[in-house]
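So the protein lines, in turn, are chains A and B. First residue of the first sequence: 1, per this note's numbering; consecutive thereafter. First residue of the second sequence: 1, per this note's numbering; consecutive thereafter.
A couple of the hints might just be wrong.
As the list claims (entries may be wrong) - Listed next, the in silico DSSO-like pairs over lysine-lysine satisfying Cα-Cα at most 30 Å (straight line):
hint	chain 1	residue 1	chain 2	residue 2
1	B	604	B	575
2	B	33	A	115
3	B	597	B	549
4	B	586	A	118
5	B	350	B	370
6	B	344	B	112
7	B	344	B	298
8	B	575	B	586
9	A	227	A	163
10	A	163	B	181
11	A	118	B	92
12	B	33	A	118
13	A	227	A	195
14	B	112	B	350
15	B	280	B	344
These are computed hints drawn from the structure, not numbers from a lab.
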Amino acid sequence: MATQATFRIWRGDPAGGQFQDYTTPVEEGMVVLDAVHRIQAQQANDLAVRWNCKAGKCGSCSAEINGTPKLMCMTRLSDINLEMPIILEPMHAFPPIRDLVTDVSWNFRAKMTIKQFKPRSPDAPDGTWRMQQADVERVQEFRKCIECFLCQDVCHVLREHHKHDEFIGPRLLVYAAALEMHPLDTEDRVSDLRKKHSIGYCNITTCCRQVCPESITITENAIIPLKERVVDRFFDPLKQLFHIL
Amino acid sequence: MPEFQRFSYDVLIIGAGGAGLRAAIEAAATGAKVGVVCKSLLGKAHTVMAEGGIAAALGNVDDRDSWRVHFADTMRGGQYLNNWRMAELHAKEAPECVRELEAWGALFDRTKDGRILQRNFGGHRYPRLAHVGDRTGLEMIRTLQDHGIHSGMEVHMECTVLSLLMDSGRVAGACGYDREKGRFYLWQAKAVVLATGGIGRAFKVTSNSWEYTGDGLALAYRFGAELQDMEFVQFHPTGMVWPISVRGILVTEGVRGEGGVLRNSEGRRFMFDDIPDLYKDQTADSEEEGWRYTQGDKNARRPPELLTRDHVARCINREVKAGRGSPHGGVFLDISWIKQHISKSEEHIKRKLPSMYHQFKQLADLDITKEPMEVGPTTHYMMGGIRVDGDSQMSNIPGLFAAGEAAAGLHGANRLGGNSLSDLVVFGRRAGRYAAEFAKANSATTIDDQQLQTTATAALAPFERGPSGENPYQIQYDLQDAMQDLVGIVRTEGEMEQALDKITELNQRAERIGITGNREYNNGWHTAIDVPNMMIVSEAVTHAAILRKESRGAQFREDFPNKDAEWGRYNIIVKQGAEGEMQIEKRPIAPMPEELKAVVQEMK
Numbered sequence: 001m002a003t004q005a006t007f008r009i010w011r012g013d014p015a016g017g018q019f020q021d022y023t024t025p026v027e028e029g030m031v032v033l034d035a036v037h038r039i040q041a042q043q044a045n046d047l048a049v050r051w052n053c054k055a056g057k058c059g060s061c062s063a064e065i066n067g068t069p070k071l072m073c074m075t076r077l078s079d080i081n082l083e084m085p086i087i088l089e090p091m092h093a094f095p096p097i098r099d100l101v102t103d104v105s106w107n108f109r110a111k112m113t114i115k116q117f118k119p120r121s122p123d124a125p126d127g128t129w130r131m132q133q134a135d136v137e138r139v140q141e142f143r144k145c146i147e148c149f150l151c152q153d154v155c156h157v158l159r160e161h162h163k164h165d166e167f168i169g170p171r172l173l174v175y176a177a178a179l180e181m182h183p184l185d186t187e188d189r190v191s192d193l194r195k196k197h198s199i200g201y202c203n204i205t206t207c208c209r210q211v212c213p214e215s216i217t218i219t220e221n222a223i224i225p226l227k228e229r230v231v232d233r234f235f236d237p238l239k240q241l242f243h244i245l
Numbered sequence: 001m002p003e004f005q006r007f008s009y010d011v012l013i014i015g016a017g018g019a020g021l022r023a024a025i026e027a028a029a030t031g032a033k034v035g036v037v038c039k040s041l042l043g044k045a046h047t048v049m050a051e052g053g054i055a056a057a058l059g060n061v062d063d064r065d066s067w068r069v070h071f072a073d074t075m076r077g078g079q080y081l082n083n084w085r086m087a088e089l090h091a092k093e094a095p096e097c098v099r100e101l102e103a104w105g106a107l108f109d110r111t112k113d114g115r116i117l118q119r120n121f122g123g124h125r126y127p128r129l130a131h132v133g134d135r136t137g138l139e140m141i142r143t144l145q146d147h148g149i150h151s152g153m154e155v156h157m158e159c160t161v162l163s164l165l166m167d168s169g170r171v172a173g174a175c176g177y178d179r180e181k182g183r184f185y186l187w188q189a190k191a192v193v194l195a196t197g198g199i200g201r202a203f204k205v206t207s208n209s210w211e212y213t214g215d216g217l218a219l220a221y222r223f224g225a226e227l228q229d230m231e232f233v234q235f236h237p238t239g240m241v242w243p244i245s246v247r248g249i250l251v252t253e254g255v256r257g258e259g260g261v262l263r264n265s266e267g268r269r270f271m272f273d274d275i276p277d278l279y280k281d282q283t284a285d286s287e288e289e290g291w292r293y294t295q296g297d298k299n300a301r302r303p304p305e306l307l308t309r310d311h312v313a314r315c316i317n318r319e320v321k322a323g324r325g326s327p328h329g330g331v332f333l334d335i336s337w338i339k340q341h342i343s344k345s346e347e348h349i350k351r352k353l354p355s356m357y358h359q360f361k362q363l364a365d366l367d368i369t370k371e372p373m374e375v376g377p378t379t380h381y382m383m384g385g386i387r388v389d390g391d392s393q394m395s396n397i398p399g400l401f402a403a404g405e406a407a408a409g410l411h412g413a414n415r416l417g418g419n420s421l422s423d424l425v426v427f428g429r430r431a432g433r434y435a436a437e438f439a440k441a442n443s444a445t446t447i448d449d450q451q452l453q454t455t456a457t458a459a460l461a462p463f464e465r466g467p468s469g470e471n472p473y474q475i476q477y478d479l480q481d482a483m484q485d486l487v488g489i490v491r492t493e494g495e496m497e498q499a500l501d502k503i504t505e506l507n508q509r510a511e512r513i514g515i516t517g518n519r520e521y522n523n524g525w526h527t528a529i530d531v532p533n534m535m536i537v538s539e540a541v542t543h544a545a546i547l548r549k550e551s552r553g554a555q556f557r558e559d560f561p562n563k564d565a566e567w568g569r570y571n572i573i574v575k576q577g578a579e580g581e582m583q584i585e586k587r588p589i590a591p592m593p594e595e596l597k598a599v600v601q602e603m604k
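From just these sequences and the hints, can you work out the full model?
Encoded structure:
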């Protein structure tokens, strides 16, 4: 492994910015975030980076590493070609705040528009429910989400077409799926998914699924079943025929 | 005077982990106007990292369990220094708080008959931890977050709190700045709940996230709040030791709960060599009995790997020091061996411990279903914190409450795994309820503009000194080195005196911290503000550890290696004196009521 590596880091704010090169010693076992911390401590004290757990559990240190959305804490330097400068940029689908930090507050506002969990009445007199492990597991996959928003970053509806006002993006479709498929939930979100949340904008390119650090099968297990519910409700030709008759 | 954006609340919650969010939900449910200030984005607090589970005597897996057994286990684990009232309330209310999480959407793993599944954990007599694989903390914080955002609370994300504000002896709110722009904020309130978590970042090797800089403890201390049990810092026995950059990251106790065993370089299960008297009757005699216990045999006793964390950590430390460690300075933790007992063990391990499987695969290139892990102790949890009333969670400052890891009392000298997540919801709920009650019963507060001015000026001083001042990151590293080396898992008076000298020197350097850049999302500035908080808690830990001349729970003194019954009658209190000096005193523990004494006796 190389003993030195150069990181080409985007430095700037909403008004604009440019890439700046930092060369720093690297060692076996290091991840990208380690190198960023070293640069921050020794060369650029005011370098802005968002991070918390450094263990892939909180989803704070999302960035684009050589053009691919990744968690900096889970990207090992041994998996990157260190002969070339490593390019670090903030996520593109959200407004920049400073350096590697973006304004992801839209995700939190958009989540508020999804109807919250509404359980059925308890199954047992002591106020508890009975659920089978198999039924729970389906939803547990979605609840692994650490809200890193890398799927939102890579989604072309948000990234290229900036439909943040109409479309909730893969993360929040996974959230909606977790609620819709929750064994206890009684709320109906199908109409909202079609109209308010524009699930139809997703044309299942699976980019989101490919960048998910938790390996959630976003497209196939969450979005497509929700699309099927929407189609069932609003576009079933037989149902439409009965409706007309 | 710098401009402050002003907000006014009945109850202000500082911190948005499990305790803060639970407090906010409870306070908002009473109709109080609630503001939440947090250091990170919502849902990213350190609670996400909790793995093993939440302890509650639901009795779903073993119906012999009850609050009485849970209470006795917690007291035994805490070596009887616990606030017994908190241990009682915790054991009684935890089941209800777990069911509440389920009602808000949490999806715990299930028993065959569809109820919440519970797993074994160190120090708990029966399977007691409700869990979701090994990501229970994430499930809990997401449940509270998704429920909480619809409860009417206002959240100020990514804000640093600089100071509490006072109004004639009572708390009046807090002030700080937002990280994004560096603008000053004033959050006026009738009651404040500190739910700021622990202090792990004062040590070099820690499982804790960057947020754990003891902010709440330091904020409260500066205005006369009493800190308690500061000598008791829990070193979790199993953190990753390699690669070096991930050193300290937690390896859940769940690995041992599922049958994982500890071995030294000679292949010996060294935990069988040293079983404390207090636990002899509850510990397996043979490897075979230990295995049966992990697989749910009710007649088997637990393997010695599931003894309390302080003990396991010291045994590992001893093996490493004796030259029987693993290549990178830890010992071996092996779960792959269960293939001797279980067919398809690879799938079994991946299903039971998915995060651990990925963590080692991704960060260390190691497949835990095939090879043993290397593990060693890591700074994990602060038993000490702000001294509070057991029922209401109010500190000695009127209107100032504390809950979760920031509060002391429940865990005494040592915390049992799983008792932290239950602590968050049980006492978060109580703090929220009593803070709202306090707000209702008391008039509005007045803000002292002079105090705002002074706080703002001090916060901006590092910019004045600029790049010629001391580097805040370097001071933080130096403090972490000192605490790790001198006030760590094995302590002596001489080393701790050296630590105090080092802290004095670092305090002088910290007064000269200088930073570059501007106020917008400047991590250097954030660190400059964190450092003084870490200094206060480090000094408090060291003073308390020097005063307690015995070994008990998480505190191990090489110069006083035995437990001393006399010391078992006292907590140590740390507070600020009139001249700003740190005062340390012994305070007798209130006698336990007869009915609780009877429970402890009965469960012996």
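Residue 344 (chain B) paired with residue 298 (chain B) [C-alpha distance capped at 30 Å]: 24 Å, holds
Hey, residue 33 (chain B) versus residue 118 (chain A), does the alpha-carbon distance stay inside 30 Å? 24 Å, holds
Can you confirm whether the C-alpha distance between residue 586 (chain B) and residue 118 (chain A) stays at or below 30 Å? 50 Å, violated
Taking 30 Å as the top limit, are the C-alpha atoms of residue 227 (chain A) and residue 163 (chain A) close enough? 18 Å, holds
Keeping to a limit of 30 Å between CA atoms, is the pair of residue 597 (chain B) and residue 549 (chain B) held or broken? Distance of about 26 Å is within 30 Å: holds.
Between residue 112 (chain B) and residue 350 (chain B), is the straight-line Cα distance small enough, at 30 Å or below? 20 Å, holds
Are the Cα atoms of residue 33 (chain B) and residue 115 (chain A) separated by 30 Å or less? Cα-Cα ~22 Å, so holds.
Quickly compare the C-alpha distance for residue 350 (chain B) and residue 370 (chain B) to 30 Å and report which way the hint goes. Between residue 350 (chain B) and residue 370 (chain B) the Cα gap is close to 11 Å, so the pair holds against 30 Å.
Given the proposed pairing of residue 118 (chain A) with residue 92 (chain B), does the C-alpha separation stay at or below 30 Å? 27 Å, holds
Residue 344 (chain B) and residue 112 (chain B) were given as a pair; does the straight-line alpha-carbon distance stay at or below 30 Å? 20 Å, holds
With a cut-off of 30 Å on the C-alpha distance, tell me whether residue 280 (chain B) and residue 344 (chain B) pass. 34 Å, violated
Taken at face value, is the distance from the CA of residue 181 (chain B) to the CA of residue 163 (chain A) at most 30 Å? 26 Å, holds
Consistency note: the structure conflicts with the earlier hints numbered 1, 4, 15.
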